[in-house]
Amino acid sequence: MIIQITESRDYSEKALAIYKSLGPVYLSASPRKDANVLVLRLAYKIDSSWMDKMPNLKVIATPTTGLNHIDLKEAKKRKIKVISLKGHTSFLKDVPSTAEETLALMTALVRKLPWAFDDVKKGNWNRDAWRGHQFIHKTLGLLGCGRLGKIVAKYGKALGMRILGTDPNIDAGTLTRQSIEKVLMEKLFRESDIVSVHVSLEPDTHNLVQEKHLKMMKSTAYLINTARGEIIDEKALLKALENKWIAGAALDVMRDEVGGKHLKNNPLVKYAKTHDNLLIVPHLGGATYEAMHVTEDFIADLVKKYVR
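For the sequence shown, the numbering used here assigns the number 3 to the initial residue and increments by one for each residue that follows.
None of these hints come from the bench; they were simulated from the model. Keep in mind it's a predicted model, so treat the numbers as computed, not measured. It is possible that some hints are incorrect.
Derived Cβ-Cβ restraints for the label pairs, each shown as a range [unchecked claim]:
#, residue 1, residue 2, range
1, ASP130, ASP173, 43 to 51 Å
2, ASP258, ASP121, 27 to 35 Å
3, GLY162, ASN267, 19 to 27 Å
4, LEU265, ASP49, 15 to 23 Å
5, GLU15, ASP258, 38 to 46 Å
6, THR222, LYS22, 23 to 31 Å
7, ASP130, GLU204, 30 to 38 Å
8, ARG179, LYS307, 30 to 38 Å
9, SER23, THR176, 24 to 32 Å
10, TYR308, GLN136, 28 to 36 Å
11, ASP96, HIS135, 46 to 54 Å
12, SER23, LYS189, 52 to 60 Å
13, GLU76, GLY261, 13 to 21 Å
Listed next, the in silico DSS-like pairs over lysine-lysine satisfying Cα-Cα at most 30 Å (straight line) [unchecked claim]:
#, residue 1, residue 2
14, LYS140, LYS95
15, LYS307, LYS79
16, LYS124, LYS16
17, LYS217, LYS47
18, LYS95, LYS35
19, LYS47, LYS307
20, LYS83, LYS123
21, LYS83, LYS47
22, LYS159, LYS95
23, LYS88, LYS16
24, LYS88, LYS275
25, LYS306, LYS266
26, LYS189, LYS55
Heads up, the beta-carbon is just placed ideally off N, CA and C, and yes, glycines get one too.
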């Protein structure tokens, strides 16, 4: 069994040892013709062009829950097994990195911390220019109340916030026990001071957040997205920011982000360069040493069980 790992920087030594027990391991960012197992993070889009160059590929393994960086239909057509974190909720309950980052983005955006820091670096010390808001008594709306949504709800509750949630897969009673008030999506956008997106990317969640939803929001409200960029209509978001329909947004994810090519001439990035109410970071949700190592180990174990 020949294993190729595309992104090996700071890779878990335990995971590497597991892969080496299965056969030769190659650390390479280019498709290998002889590889049977392809292990990757999020830097590459694995589509038919990659698969054409890997005729011996049997398994694609990724320590991620989202899978929009892999052409799943093409993989299924070629009978390539895709192994990921999707659906492994019991394991993931102890991996809160994305939820923690959501709280960090909320705080940075609402308290204007990145722009205040930039101002200090310019030699200014003006606290009144960067006055923000506190969280207590504010309303946090969760678009998606699965694993991450529930963790963020706990953080919001600890901060004294009212928690609203919308999720077609979870009943009101279950959410009530989590201190989340189940509401329709429209009410969530109308009443929330912060809307945080936590739904997985599926055909029915593509462009889920549209212009009409952003128009419903308070002019003082904020939008946070740590899920997937394709869930929000980015053109509508830019319009909402330019027209001051909302107070600001923080994005951990963007459309077509694989490889960073989306940044060139991107209207949202251009807007962020000249405004202090749009914060964009490069998909840092799961990017902690702890989360990456434990998930790499978990995926390596799954690969080992599958191939043996």
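How the hints compare with the structure:
Checking the proposed 43 to 51 Å range against ASP130 and ASP173 shows it holds: the Cβ atoms sit about 47 Å from each other. Distance hint for ASP258 and ASP121: a CB-CB separation of about 32 Å, consistent with the stated range 27 to 35 Å. About 42 Å separates the C-beta atoms of GLY162 and ASN267, a value inconsistent with the hinted range of 19 to 27 Å. The hinted range of 15 to 23 Å is satisfied by LEU265 and ASP49, whose Cβ atoms lie roughly 20 Å apart.
At roughly 33 Å, the beta carbons of GLU15 and ASP258 sit outside the given window of 38 to 46 Å. Look at THR222 against LYS22: about 54 Å separates their beta carbons, and that is not inside 23 to 31 Å. Our hint of 30 to 38 Å for ASP130 and GLU204 is violated, since their Cβ atoms are close to 45 Å apart. At about 34 Å, the CB distance of ARG179 to LYS307 agrees with the hint of 30 to 38 Å.
Checked against the given bound of 24 to 32 Å, the beta carbons of SER23 and THR176, roughly 41 Å apart, lie outside it. Look at TYR308 against GLN136: about 49 Å separates their beta carbons, and that is not inside 28 to 36 Å. Separation of ASP96 from HIS135 is about 32 Å and departs from the stated range, judged on CB atoms against 46 to 54 Å. In this structure the hint that SER23 and LYS189 lie 52 to 60 Å apart at CB holds, the actual value being about 53 Å.
Distance hint check: the CB atoms of GLU76 and GLY261 are about 18 Å apart, consistent with the given range 13 to 21 Å. For the proposed pair LYS140 and LYS95, the alpha carbon gap of about 26 Å is at most 30 Å, so the pair holds. Between LYS307 and LYS79 the CA atoms are separated by roughly 23 Å; this keeps the pair inside 30 Å, and the hint holds. Only pairs whose Cα atoms come within 30 Å are accepted, and LYS124 paired with LYS16 is rejected, the gap being roughly 44 Å.
For the hint pairing LYS217 with LYS47, the CA-to-CA distance comes to about 33 Å; that exceeds 30 Å, so the pair is violated. Distance restraint check for LYS95 and LYS35: the Cα-Cα separation of roughly 37 Å exceeds the 30 Å cut-off, and the hinted pair is therefore not satisfied. At most 30 Å may separate the alpha-carbon atoms for a hinted pair to count; LYS47 and LYS307 meet this at roughly 25 Å. Distance hint between LYS83 and LYS123 is unfulfilled; the C-alpha atoms sit about 50 Å from each other, more than 30 Å.
Among the hinted pairs, LYS83 with LYS47 is consistent with the structure: their alpha-carbon atoms are about 16 Å apart, no more than 30 Å. As the CA atoms of LYS159 and LYS95 are separated by approximately 18 Å, the hinted pair is consistent with the 30 Å bound. For a cut-off of 30 Å, the pair hint linking LYS88 to LYS16 stands: about 21 Å separates their Cα positions. For the given pair, LYS88 sits about 35 Å from LYS275 by alpha-carbon distance, which is inconsistent with the 30 Å threshold.
Our distance criterion of 30 Å between C-alpha atoms is broken by LYS306 and LYS266, whose separation comes to about 40 Å. About 49 Å separates the Cα atoms of LYS189 and LYS55, which puts this hinted pair outside 30 Å; it is violated.
Violation of the numbered hints given earlier is confined to hints 3, 5, 6, 7, 9, 10, 11, 16, 17, 18, 20, 24, 25, 26; the remaining hints are satisfied by the structure.
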